[in-house]
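Put together the whole structure using the sequences plus the hints.
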Amino acid sequence: MTTHTVYRTFHTRERREWVRITPDVEAAVDESGVREGMVLVSAMHITAAVWVNDDEPGILADTLEWLDKIAPPSWKSPANDVARELSPDPGDYRHHRGGEDNGDAHLKNLLVHHQVIVPVTEGELDLGPWQQIFYCEFDGRRPKRMIIKILGE
Amino acid sequence: MTTHTVYRTFHTRERREWVRITPDVEAAVDESGVREGMVLVSAMHITAAVWVNDDEPGILADTLEWLDKIAPPSWKSPANDVARELSPDPGDYRHHRGGEDNGDAHLKNLLVHHQVIVPVTEGELDLGPWQQIFYCEFDGRRPKRMIIKILGE
Amino acid sequence: MTTHTVYRTFHTRERREWVRITPDVEAAVDESGVREGMVLVSAMHITAAVWVNDDEPGILADTLEWLDKIAPPSWKSPANDVARELSPDPGDYRHHRGGEDNGDAHLKNLLVHHQVIVPVTEGELDLGPWQQIFYCEFDGRRPKRMIIKILGE
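Protein chains in written order, with my numbering: chain A, 1 to 153; chain D, 1001 to 1153; chain P, 2001 to 2153.
Calculated from the structure, these hints are not laboratory results.
Keep in mind that this is a model prediction, so the values were computed, not measured.
Note that CB positions come from ideal geometry on N, CA and C, so glycine has one too.
Careful: at least some of the hints might be erroneous.
Claimed, not checked - Coverage of chain D stretches by chain P, computed from C-beta distances (three or more under 8 Å per stretch; other residues unrestricted):
id, segment
1, 1014–1022
2, 1032–1039
3, 1050–1058
4, 1101–1114
5, 1117–1126
6, 1146–1153
Said to hold, decoys possible - Some chain A residues flagged as far from chain D (calculated, every beta-carbon gap over 10 Å):
id, residue
7, D30
8, K76
9, R141
What the hints assert, rightly or not - Between beta-carbon pairs, the in silico distance windows are:
id, chain 1, residue 1, chain 2, residue 2, range
10, D, P1078, P, P2143, 38 to 46 Å
11, A, R15, P, R2013, 20 to 28 Å
12, P, P2090, D, E1014, 20 to 28 Å
13, A, G99, D, D1089, 14 to 22 Å
14, P, L2125, A, P143, 15 to 23 Å
Structure below.
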């Protein structure tokens, strides 16, 4: 059995930003020499996500609009009446009493999940034609770590 | 260490359809001969999900109604005022500018996740009494692939 | 390759309760002797979740308020108008026709997921500074099982 671990640090320019990381995961698998196995790709923070979806700018913009409605940030005005009612009652997240302002990023992390497992077959990421791996930053502008861990042979 | 990989193709009659796949995953584990390990069950498309839940027709119908409200399709009228406000503003998903009409299926995929890991113990799927594995198609009527990958010994 | 399996049974006093289980997962890894690998931590019921998030009372209370709005229980009044419209139409979950009253717990389980994978590096859980593992009970007051399965070497 072989294991191989790679860490990557993101420091996004924007507070919310999607970074396509399929090449990083591929590179880690190449380094490991694993031909058959699984790769765990997991955010090490609770205000970011890792997901597999389409690398199409329209859908990425759609997801941000939608996530802001169902897990509304309180550092900007609610997107509409639904976002207003899904905001904490009354007014602000309890999490913000300690000075934080990223409560929505925690909810988004829970909603879309902080990790994926990608199968490795014959030395390649065994993804479907449209599947791309993304690191999704919900509270950036500071260093945030992610782990890539490969297990196989 | 043993690995074993099985692909399954679904071609559902309905656009949205839930297929119970516990027997497929069991068969793949039997074929592999693995006694202790993990099985990854993962959709290879970004408009379908794999989940573990109850095989009870009521809850399956409940999930579809609910998913259509929080990730509303734009190819039919919004289910109610909440679905209308959770729809993209204004009008339609940006993803649909290229001619697609499955933006909601992408959001549903992110929401309920495209994969599960099932533990294998003593050669059996180590599931709780009510846990059944489902492939959940959100944009079917065409061939869609899923991977079952077993790792263990 | 080493595998090690531990079951834990929860019997929470409250219907909904979050239990921090990082020490349980650490103990299972210690017992296994695994230095490099992965741990699957997975609820064996379809009305509970396992997630990784902050151990901060404010955010935990925020998540419950928010989950009750987007996956509303029908055994208490809807939290507000959004929760009312996200409730099944008309009135109650189809799942409740058989006498159950935990339809919302199924939806919450799908939403925040019933499992996580934690990487193990140099014999330790390889978590970020704020990442804690929680068992999240949505329908307790009865025995519910969870599996911890370690795979590595």
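Hints and how they fare:
1. 1014–1022: Per the Cβ count (0), the hint is violated.
2. 1032–1039: holds (count 3)
3. 1050–1058: holds (count 7)
4. 1101–1114: holds (count 3)
5. 1117–1126: holds (count 4)
6. 1146–1153: This one holds; 3 residues, not fewer than the three required, reach chain P with a Cβ under 8 Å.
7. D30: holds (18 Å)
8. K76: holds (15 Å)
9. R141: holds (24 Å)
10. D:P1078 - P:P2143: 38 to 46 Å: Because 41 Å falls inside the window, the suggested range holds.
11. A:R15 - P:R2013: 20 to 28 Å: Roughly 39 Å apart at Cβ, these two residues miss the hinted range, so it is violated.
12. P:P2090 - D:E1014: 20 to 28 Å: Because 24 Å falls inside the window, the suggested range holds.
13. A:G99 - D:D1089: 14 to 22 Å: With Cβ atoms ~32 Å apart, the hint is violated.
14. P:L2125 - A:P143: 15 to 23 Å: holds (21 Å)
Hints 1, 11 and 13 from the earlier list are contradicted by this structure; the remaining hints agree with it.
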